[in-house]
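On the provided structure of chain A, position chains B, C and D as indicated by the hints.
Line by line, the protein sequences give chains A, B, C and D.
Using the working numbering, you'd call the opening residue of the first sequence number 1 and step up by one each time.
Using the working numbering, you'd call the opening residue of the second sequence number 1 and step up by one each time.
Using the working numbering, you'd call the opening residue of the third sequence number 1 and step up by one each time.
Using the working numbering, you'd call the opening residue of the fourth sequence number 1 and step up by one each time.
Certain hints may be false.
If several chains are the same, the list does not tell them apart, and a pair holds so long as it fits within one copy or across any two.
[What the hints assert, rightly or not] Calculated pairs, DSS-like style, for lysine-lysine (alpha carbon to alpha carbon, straight line, at most 30 Å):
| hint | residue 1 | residue 2 |
| --- | --- | --- |
| 1 | LYS6 | LYS74 |
| 2 | LYS90 | LYS74 |
| 3 | LYS74 | LYS89 |
Read the hints as simulated data drawn from the structure, not as lab findings.
4 protein chains.
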Amino acid sequence: MSLTAKDVQTIIRTGVPMAEDIDLRVESLSSDHARVRVPFRAQAIRPGGTLSGPVLMSAADAAMYAAIMGALGKVEMAVTSNLNINFLKKPAPADLIAEATLLRLGRRLAFVEVSLFCDGDETLVAHATGSYALPQQPVSPTEA
Amino acid sequence: MSLTAKDVQTIIRTGVPMAEDIDLRVESLSSDHARVRVPFRAQAIRPGGTLSGPVLMSAADAAMYAAIMGALGKVEMAVTSNLNINFLKKPAPADLIAEATLLRLGRRLAFVEVSLFCDGDETLVAHATGSYALPQQPVSPTEA
Amino acid sequence: MSLTAKDVQTIIRTGVPMAEDIDLRVESLSSDHARVRVPFRAQAIRPGGTLSGPVLMSAADAAMYAAIMGALGKVEMAVTSNLNINFLKKPAPADLIAEATLLRLGRRLAFVEVSLFCDGDETLVAHATGSYALPQQPVSPTEA
Amino acid sequence: MSLTAKDVQTIIRTGVPMAEDIDLRVESLSSDHARVRVPFRAQAIRPGGTLSGPVLMSAADAAMYAAIMGALGKVEMAVTSNLNINFLKKPAPADLIAEATLLRLGRRLAFVEVSLFCDGDETLVAHATGSYALPQQPVSPTEA
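Pulled out of the complex, with its shape left as it was, chain A reads as follows:
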């Protein structure tokens, strides 16, 4: 039931057309981590274009979802419950990297943190946290 980065990329692109539109790639995956890349040329920045909010948010959301699949395998019914993002700095003209780390994997909710930066520069351009509601497991009654 363990998935590769490539598997997760396919799942995300199938489910989220915007992820395919920006050529989003899942570069690495482990049981509590995922790394996503959005190529610069594919960020669809046109002349006059400056607001990359939706690209950053899409990358953050995809990285979170990838990290959860890294932990749990294919979780078809997991849905984003909350996403909070701080925009720290205007991104440079470079690939965007989103690194997601699981903060807590509960039975009902998973919490993830995402650092976003430009390839080749560790300075954060954005930082996000979020939670995913996990599908109901037919199991023991404990906490969230």
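Relative to chain A, chains B, C and D alone:
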């Protein structure tokens, strides 16, 4: 310096290609309010597609920005500082509406709230709040 | 199983000593709404004291919890999952009011919005949203 | 203009009575980091008390403010603009530690991340991010 809904739609679509990709429309605008529509057929939901997180976030962000332009006119340098979104319910197959209301227009930060629902059903599918950093005005020293 | 505002005030003050320290009162309660008051004299503002962040956050959290008990009755195991607050304006020297409204009551999560203002002035001083994880009900398998 | 952990503790306790009520201590401070402790015996948990939300939020807010003073010295007019907190796990009966790290120090806004855990156990019990509006400096016109 007052802008029409159509003006704001053009500004947003020029700056945010994702907004054009989803055929985002600014339907109405006032000094503390904006209403945005994402046509259902343009939400790019393909077979197997279920996660509309990025579409909802893009609509929320655009509605916030529109509301700020409704208040201030063309604010070229306004940038999203924070966006927090709660996903409440799976959207129905219908146009998505995002209604943004200014909570507070400070000198340096504007705070906006957005209700997202499907056309024809007032039940919220998502709810967002966010802040925008406003460009520095060469003026009097007061608060944020 | 329906609770009065006074019942909820007692439950909150018993569980949250900080709420008692600031003499927090639950003024009204309905199935999707709660109104909380923090008397000015009890906000513990001393000479030099200016940062009322914790008082505002405590009031927001209590109002959310009260609104959930208004909807569900005594929910012993409900716990705050996420709270996001924007501080909009320095509060005036007056009683603080927190008005909470249920945004969505799901089976597993409840989402609440809170407007905070000073008594006698409708201008918002802060605005919060949050989610509560609800205790597991031994029931039908649907969504969050 | 550099401050010690003890200086910052005094500033916070003077300005935020709730911080003094919970015997909040600033344990360490650097130019991009602060560590705060809330002694267990002082968390005011009475029989029946379970909801420590306000204590966690107060600790997170104090740690953020401390980290900003570690970077900038005494910043009298800095005010919290946004605080977002995820509650991950019920805290154990132990001292609460809040570790704040500066994510970004802009000219107008500072962004901080806080990890909260119980002394002796690295497992996160909560995680917060937030922004502070910094006082206007009479300086060069750049960005937020």
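Hints and how they fare:
{"no.": "1", "hint": "LYS6 / LYS74", "result": "within (13 Å within a copy, 43 Å between copies)"}
{"no.": "2", "hint": "LYS90 / LYS74", "result": "between (34 Å within a copy, 19 Å between copies)"}
{"no.": "3", "hint": "LYS74 / LYS89", "result": "between (34 Å within a copy, 21 Å between copies)"}
Violated hints for the displayed structure: none, as all numbered hints are satisfied.
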